[in-house]
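*Asks:* Line by line, the protein sequences give chains A and B. Counting along the first sequence from 1, when you hit position 57 you're at 58 in the numbering used here, and nothing is skipped either side. Counting along the second sequence from 1, when you hit position 43 you're at 154 in the numbering used here, and nothing is skipped either side.
Hints may be right or wrong, so weigh each one.
Straight line, CA to CA, 27 Å or less: simulated DSSO-like cross-link-like pairs of lysine-lysine [as the list claims (entries may be wrong)]:
id: 1; chain 1: A; residue 1: Lys-415; chain 2: A; residue 2: Lys-666
id: 2; chain 1: A; residue 1: Lys-694; chain 2: B; residue 2: Lys-118
id: 3; chain 1: A; residue 1: Lys-730; chain 2: A; residue 2: Lys-666
id: 4; chain 1: A; residue 1: Lys-560; chain 2: A; residue 2: Lys-730
id: 5; chain 1: B; residue 1: Lys-118; chain 2: A; residue 2: Lys-445
id: 6; chain 1: A; residue 1: Lys-730; chain 2: A; residue 2: Lys-415
FYI, nobody ran anything at the bench for these hints, they're computed from the structure. Because the structure is a prediction, the values reported are computed rather than measured.
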Amino acid sequence: MSDRDDTGGPPEISSARVGSPAIRVDADDKSTGRAVYVDDLTFPGMLHAALVYPGCAHARLLGVRPDEAIRTPGVRAVLTAQDVPGENQVGVLRSYPDQPLLPHDTVRYSGDAVAIVVADTGALAREAARSVRVDLEELPGVFDAVEAMEPNAPRVHPEREDDDDRGLVGNVFLRERVRKGDVDAGFEEADIIVERTFRTHHQEHAYLEPLGAIAVPGEGSSVTVYGTMQCPYYVQKAVATALGVPLADVRVIQTVTGGGFGGKEDVPSEICACAAVAAAKVGKPVKLVYTREEDFERSSKRHPMTVTYRLGATIDGTFTAADIRIVADAGAYSTLTPIVVFRATAHATGPYEIPNVRTDAYGVYTNRQTTGAFRGFGQPQTIFASESVVDEIACALGIDPIEIRVRNGLAVGKRTATDHLLDESVGLPETLRIARERSGWDEKREAFAGDAGRVRRGIGVGAIYYGVSLGARGLAIDGSGAHVEIEPDGSVRVAIGGTEMGQGLHTVLAQIVSDSLGAPMHAIHIGHVDTSLVPDSGPSVASRTTLMSGNAVLDAVAKLRESMAPVAADVLGVTAEDVEFGPGRVGTRERSVTFAELAAECHARDVATVADGWYKAPVTTFDEDGQGDAYAVYSFATQVAEVEVDTETGAVALVRVTAAHDVGKVLNPVTLEGQVQGGVLQGAGMALYEIMKTEGGRIVTPDFATYILPTSVDVPEIEVAFVEEPYSKGPFGAKGIGETPAMPGAAAIANAVSHATGIRFRELPLTAERVKLALG
Amino acid sequence: MYEPAWKFPTTALEAAEILREAAGRATPIAGGTDLTARLRSGDERPEVLVDLAGIEEFGGVDLTPDPDAVGQMTMGALNTHGALARDDLVRQHVPLLAEACATVGSPQIRSRGTVGGNVANASPAADAAVALLALDAAVRVVSADDCEGDRAGLPLEGFFTGPGETVLRDDELIADISFDCPAESARSLYLKAGQRKALAIAIVSVAALYEPEAGLVRIALGSVAPTAVRARDAENLFESEWPAGDCEAVIDAVAARAVGSASCIDDVRASGRYRRILIETLTRSALRRLCLDLEEDG
Ligand SMILES: Cc1cc2nc3c(=O)[nH]c(=O)nc-3n(C[C@H](O)[C@H](O)[C@H](O)COP(=O)(O)OP(=O)(O)OC[C@H]3O[C@@H](n4cnc5c(N)ncnc54)[C@H](O)[C@@H]3O)c2cc1C
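Next comes chain A alone, as it looks inside the complex (with noise of 0.2 Å):
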């Protein structure tokens, strides 16, 4: 079902509706090769860049030499930290200023790099990178968080000054808490309580196209950046600290961006401002795009955590209390970690109603890759723990998992662990219920039980809750714009801040438009972000964009429709109010004209054509004690996971898994199932596959024949359910879809896994090695 129109002229009707399936707008360019990526592009008279790297994983920077790489012909240039000509740091949170661009005197980890060639060509410039000298006195490093909150463990940023009364001593930079009621009285009202120890581990994005950035200088001291980025806000920024200049003066475009995932948020910040600077010293543009393996160095990852989970429950299974330590490891530099484990405090206890809580988690620095934003900021990690921990009290008590989960679930009127009233848009009690029902729990969960050969299957469950958009820790930038502007021949420009990075938003964003103006599909044109076109507009991250850039638009085109409207009336003799937009058509049932004849009639009439739209997120709070509605609105969603263990090798198939998700409104049908496919096997890799290996700080499997990725035959057969519980303040009552696939699948894997062999796994991945020696 397509909604072009291959003679070019508007069909009739070609309105793609909200919650029709419609065609990727992106789908042709994408399939056939015409989109351009950054890589694809070049600028006349361009150049290339290379980074040079420490080879260890924390040292003191003595000196770097390149006089034999600048001798070498067609090398233009090599730049330190001296050559930054703004402020050398590009950590997004300007309130943990501890990254800089290019060190200067330490070197942190093993993808820190500490200088930039520029040569005529990229393999110029990597065989020149090669040959720069770096003399470096090596430091004894520290590569595990809980090792790192030892007292006499090596410090990362000795720089810092220890805060006793905050506790934030030696590797301890952050620390988020929890309290609601009281945790002791509720322990003891308890008739059991389980604890235990999870450790999760680094997961890379493996998003196709690694990172890469071309900068042009412009007049004066302006430059443009170009990128495959999820934040092009936040590169603007980072781009002027780096060179010193005004925000006007930098625009930043984004290019066609092959997957994200997290892990384009802050991190492209890094690779812009690096080309920005040595465009600025060569006064060229410069070209910069890593390798597979440089992308693995540098770019960050899913946090490890160690969580410690403690749940108390009646003998009826209602949950009393929960005391959680999360420890997470942040890597050598703050960059994300506040906002993540904010995340992952606020709601670590699980989609359930806990009365009494305790949560105490600390973010710590280790001479590893830094950790940030990945599919779940921080929350798949606890989920594994506090998943696993309520199916072995279930387990333990006589209770059906699913049967537990429902009893304790969210609902409207129940409040969250940060004492949040729910009062709307909870669906997770239908989600349990459709998963329960279309994975066939009840049958399987008795029957697996019995096998007893080879191969043992087992069937196990997750349950998630996710607050949507930025919450309380990201207030000054949880607005966002769009630019809507009418062309005489009916044809629509919209600009938005929000990415397309692969997920669909275009298309969704495109339907929107088209239902709420009346323009047909193939009319609507939606750019990549400029930032000089729309105002700052935030990060396209926490599931926020089709929610915020959705808003935005139909901001404008509420707007758009009140100038268009009289005119619409006037042409056709009625009144205003009478007046409907789409779908194809703009009228009322009896007279109507197209869209192209209204915007053609509104130019002639000079009646304005043009609207900007804003949408700023309803206030959330986070007080000291973690208290507050630290979200606007949660997404829900449960799955089923089905596994078959191979006794004899330990290996883990992941056969079926039904993945029930509320998501307020369906917008587009095909692009969210691909949603939650693709989450659905990020969540298999983080369970059964990925693990990052590495020996003193240096990554050993940096690339995708050593870094275990879920192939297109271990995909299981994946059935998805949506519930629509709307949201008022969404668009048609959307929330969000992006993050919560990927979020309850390492638990409902590891749950199954236990079903099917009776131990419980408390690390992952569950390789098939880990699985055997468990089995013995």
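Start from chain A and add chain B with the ligand according to the hints.
*Replies:* Same frame as chain A, but now just chain B with the ligand:
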């Protein structure tokens, strides 16, 4: 910048002469699936690449019938894994090899990677090589001095001298690989444990072949030592004990003995400890299925 010269010989002699002349500065390339990775990383930088693709005499699969015994099969070095996995002769007479080739990499890799490259590359994990080792295959080597191939029957066992190392000299090429087809009644299995279902290098692989009439098994192991190895002690134990007594106990003992032929290490894919467990369980499982017709069910 690295830019090797490419040569495109069309006969074995021509290729061999290029190699002799280059005296170590040239490297043959077949499918390129192993070599390209090393060129990219800079681990290998030959001045000349000798592309074997145009050498017709390095292709083909032939079965020479022998009225008194099983036939001899000869396969040119340039046969790809995909072609062998699909080849009717191979599937009929040596399903072990077809199965092993079918587990190599992905469809793309199987349609480029060659059996000659798999053997010459001498990875201890090379799937086709492990199966060929169990088949008692021999390698025909040619060089400019010896194009008829005096070194015609180099047994594969002994051909590998270490990871990535063989007895091949710089100026020698693998022309083809041959072996006697197993008896009609023979049964075989290729079991491979990897880190995922496809596109997986073996953590351990076991090629097992059972010849009921002779009362023999042949067992080759991959990824358990510096080279692919035969588990000779285990084979001998089987020969001396089978089928007297408790068959299952014999199989258990043979599987345990197979571990002795390995010298497992910890690497990026798995620990030596897990490998040793896998050798025993996979060998046991294979032999139970082959010799007792038992699925491993308990
Ligand atoms: C993604 C990926 C997955 C893989 N998975 C597997 C797997 O699962 N199992 C497996 O066994 N292998 C695997 N491999 C390795 C590889 O595909 C095989 O070893 C393949 O058979 C190599 O053959 P080729 O023709 O590509 O060799 P090439 O790369 O062309 O050559 C390899 C080496 O052999 C030499 N050589 C090639 N032909 C000859 C000849 N006729 N005479 C003398 N020397 C010769 C070359 O000089 C070179 O040193 C994988 C490789 C990749 C890239």
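*Asks:* Hint by hint, say whether it matches the structure.
*Replies:* Structure-based check of each hint:
no. : hint                     : result
1   : A:Lys-415 with A:Lys-666 : holds (22 Å)
2   : A:Lys-694 with B:Lys-118 : violated (40 Å)
3   : A:Lys-730 with A:Lys-666 : holds (12 Å)
4   : A:Lys-560 with A:Lys-730 : holds (18 Å)
5   : B:Lys-118 with A:Lys-445 : violated (61 Å)
6   : A:Lys-730 with A:Lys-415 : holds (20 Å)
When the structure is compared with the earlier hints, violations turn up for hints 2, 5 and for no others.
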